[in-house]
Amino acid sequence: MKTTGLLLCIWLPFQLLGNACVLDQWQVSLDVAYEKWDTDEFWNKSGKKRSAANDFEKKEAKALLEFGLSRCDTLSVRSSWARFDESINGRTFGFTDLEIGWKRKLYQKVHHLISGQIVILIPFESDYEPPLRYGRNGAEFNLLYSSGFTLCDHFGYYDARLGYRWYKGFPSDQIRANFALGYFVCPWLKLVAESKLEYGVFNGDDRPDASLIYLNPNYRLLRIDVLAELCPCSFSSAYVGYFRHVWGRNVGTGGGFVGGANVWY
Amino acid sequence: MFGIKLIFCAALVFDHATPYFFIQREGHYSAPSETVTLPAARGYIRPPHISQEVWDNVSLYFLPESHPIKPILDQIFFQSRATASLKSMKKAGFDANKPMKWTHLVVARHPDTPEYIFKVFLDAQRLFKKFPVEDLWMLRIEGVNLIRNELDKMDWNHIFKVPRKWIYPLPANPAASKDFVRKDFILVEDDMDILSKTDNEAVWQSDVITTDILDAIYHLVTEYGLYDSPKPNNMPFSNDGRIAFVDTQVHHVWPVKYYKLTPHLNAEMKAYWKEITR
Numbered sequence: 001m002k003t004t005g006l007l008l009c010i011w012l013p014f015q016l017l018g019n020a021c022v023l024d025q026w027q028v029s030l031d032v033a034y035e036k037w038d039t040d041e042f043w044n045k046s047g048k049k050r051s052a053a054n055d056f057e058k059k060e061a062k063a064l065l066e067f068g069l070s071r072c073d074t075l076s077v078r079s080s081w082a083r084f085d086e087s088i089n090g091r092t093f094g095f096t097d098l099e100i101g102w103k104r105k106l107y108q109k110v111h112h113l114i115s116g117q118i119v120i121l122i123p124f125e126s127d128y129e130p131p132l133r134y135g136r137n138g139a140e141f142n143l144l145y146s147s148g149f150t151l152c153d154h155f156g157y158y159d160a161r162l163g164y165r166w167y168k169g170f171p172s173d174q175i176r177a178n179f180a181l182g183y184f185v186c187p188w189l190k191l192v193a194e195s196k197l198e199y200g201v202f203n204g205d206d207r208p209d210a211s212l213i214y215l216n217p218n219y220r221l222l223r224i225d226v227l228a229e230l231c232p233c234s235f236s237s238a239y240v241g242y243f244r245h246v247w248g249r250n251v252g253t254g255g256g257f258v259g260g261a262n263v264w265y
Numbered sequence: 266m267f268g269i270k271l272i273f274c275a276a277l278v279f280d281h282a283t284p285y286f287f288i289q290r291e292g293h294y295s296a297p298s299e300t301v302t303l304p305a306a307r308g309y310i311r312p313p314h315i316s317q318e319v320w321d322n323v324s325l326y327f328l329p330e331s332h333p334i335k336p337i338l339d340q341i342f343f344q345s346r347a348t349a350s351l352k353s354m355k356k357a358g359f360d361a362n363k364p365m366k367w368t369h370l371v372v373a374r375h376p377d378t379p380e381y382i383f384k385v386f387l388d389a390q391r392l393f394k395k396f397p398v399e400d401l402w403m404l405r406i407e408g409v410n411l412i413r414n415e416l417d418k419m420d421w422n423h424i425f426k427v428p429r430k431w432i433y434p435l436p437a438n439p440a441a442s443k444d445f446v447r448k449d450f451i452l453v454e455d456d457m458d459i460l461s462k463t464d465n466e467a468v469w470q471s472d473v474i475t476t477d478i479l480d481a482i483y484h485l486v487t488e489y490g491l492y493d494s495p496k497p498n499n500m501p502f503s504n505d506g507r508i509a510f511v512d513t514q515v516h517h518v519w520p521v522k523y524y525k526l527t528p529h530l531n532a533e534m535k536a537y538w539k540e541i542t543r
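Which chain is which? The protein sequence lines are X and B, in order. Residues in the first sequence are numbered consecutively from 1, following our numbering. Residues in the second sequence are numbered consecutively from 266, following our numbering.
All the given hints hold, so there is nothing to weed out.
Taking lysine-lysine pairs in the BS3-like style, the calculated list, with each CA pair at most 30 Å apart, reads: (1) K62/X - K394/B; (2) K418/B - K522/B; (3) K356/B - K48/X; (4) K45/X - K366/B; (5) K48/X - K352/B; (6) K363/B - K443/B; (7) K363/B - K36/X; (8) K394/B - K168/X; (9) K356/B - K45/X; (10) K395/B - K168/X.
Stretch-level coverage of chain B by chain X, calculated; a stretch enters the list once three of its residues show a Cβ under 8 Å from a Cβ in chain X: (11) 357–367; (12) 387–397.
According to the in silico footprint, chain B covers these stretches of chain X (three or more CB under 8 Å from chain B): (13) 52–64; (14) 208–217.
Read the hints as simulated data drawn from the structure, not as lab findings. Just so it is clear, the structure is predicted and the values come from calculations on it, not from any experiment. Ideal Cβ positions, reconstructed from N, Cα and C, are used throughout, including at glycine.
Make a model of the complete structure from these sequences and hints.
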């Protein structure tokens with residue numbers, strides 16, 4: 001069983017596995033996704049749910065481009081364009097801040113993989129544009145772990161991320177942690193459940209122009225995603241899913257839908 | 266010697282509120298020039314969270330305490346935090362529109378004050394462009410005063426009109442929700458009784474617009490850098506036939522966007538406007 005799992009891990013493209021995986025040298029991967037979320041409530045600083053008196057909707061188109069610099073190093077660029085419609089704060093749209101990353105495989109043994117990652121945050125513009133972007137430089141350091149397993153002759157994996165994000169200026173630093181569980185119910189269909197924690201340490205500056213719902217300088221958010229990913233061939237996949245904000249501080253509640261596609265060569 | 270008898274007119278006791286009273290002296294009756302019966306008018310009291318400096322600056326633009334609608338506003342805003350949200354505005358009796366697209370401010374009317382309109386930023390809104398709301402209101406009042414002075418000087422009050430504008434300070438209590446960004450001042454202005462958007466556009470396209478009117482508009486917007494004024498929705502016609510300057514926040518900003526008026530004129534006036542703004 002374990003051998004089967006290991007063989008599957010070697011055979012399957014990395015994109016179908018955990019986040020600690022790196023690309024092969026010269027390999028390129030592109031992931032594009034669309035996400036929609038709406039709410040009219042938020043958790044305040046004390047975690048109490050309140051009406052925002054504001055109908056809030058976010059639509060975001062995201063892209064992640066990765067490039068295998070070597071067998072151990074992968075570069076990435078993450079960007080997105082988002083549009084926010086608020087009944088009392090009008091419409092805001094544009095590019096979010098850019099994230100440029102470098103991931104390095106640190107340790108691999110059997111079906112365990114550990115990687116480290118550095119992400120540099122580059123503001124698209126230097127002005128704070130709530131709720132679109134902070135407009136501040138920053139950096140993030142992540143430790144990533146992925147592991148494969150087999151269950152009922154099907155391959156699965158789980159991975160975890162623990163990181164710290166630092167911002168220059170008013171936004172609070174954040175502890176970031178993810179945990180994901182993926183399972184192939186059949187060779188072409190994977191189910192994924194993922195929790196994403198963005199835990200602000202609340203060392204940021206409160207601002208009267210901040211959004212109550214998204215990208216507040218001091219916020220905390222726990223989000224759960226459940227996805228179904230189709231893997232029809234060895235170089236592409238498509239996914240669709242639902243996510244929900246399950247806990248937070250100074251952030252909106254509610255949930256939404258996400259869909260996307262991944263190609264690599 | 267005069268005795269003094271204090272008479273409280275329908276006083277409602279709130280924190281920091283000074284009941285308004287008549288001072289009646291035996292043998293003499295002294296009363297303010299505009300007598301208020303019910304509800305009682307209240308003097309302006311600085312809420313503790315507003316600095317003296319801000320209060321002193323903004324108080325120059327306050328709605329006069331003797332203004333006839335002041336007691337009505339006092340009754341509305343001392344009873345509930347009407348400006349918390351659109352829902353609370355409506356509950357307080359306001360006919361409030363959704364926030365304006367570009368400025369995000371809420372324009373509202375109240376049946377008890379039919380000749381006035383109110384411009385409000387809700388507590389539930391985040392601060393727009395980082396400016397304290399009182400700064401925006403003061404800019405608008407200063408803009409309108411500039412135009413008014415020029416209209417008087419040029420004797421153009423038969424062509425144009427501007428509203429009177431004042432600031433009304435919201436009381437400390439009822440307080441805003443701690444989760445929201447409290448706004449302490451609203452803008453009160455004369456209702457210019459403007460035409461509907463469709464009717465206004467039609468008048469701007471018509472022969473009502475003459476070269477004299479365009480010359481006057483050119484003079485006003487150029488002289489005072491009324492950057493964003495040259496467009497029909499910022500210079501709407503009113504039912505009395507005059508053009509009202511209603512958006513006076515931006516002034517002394519050049520170059521003026523003359524081109525914004527061009528599409529709304531008829532062919533002849535379009536050519537003239539292009540000529541004089543070249």
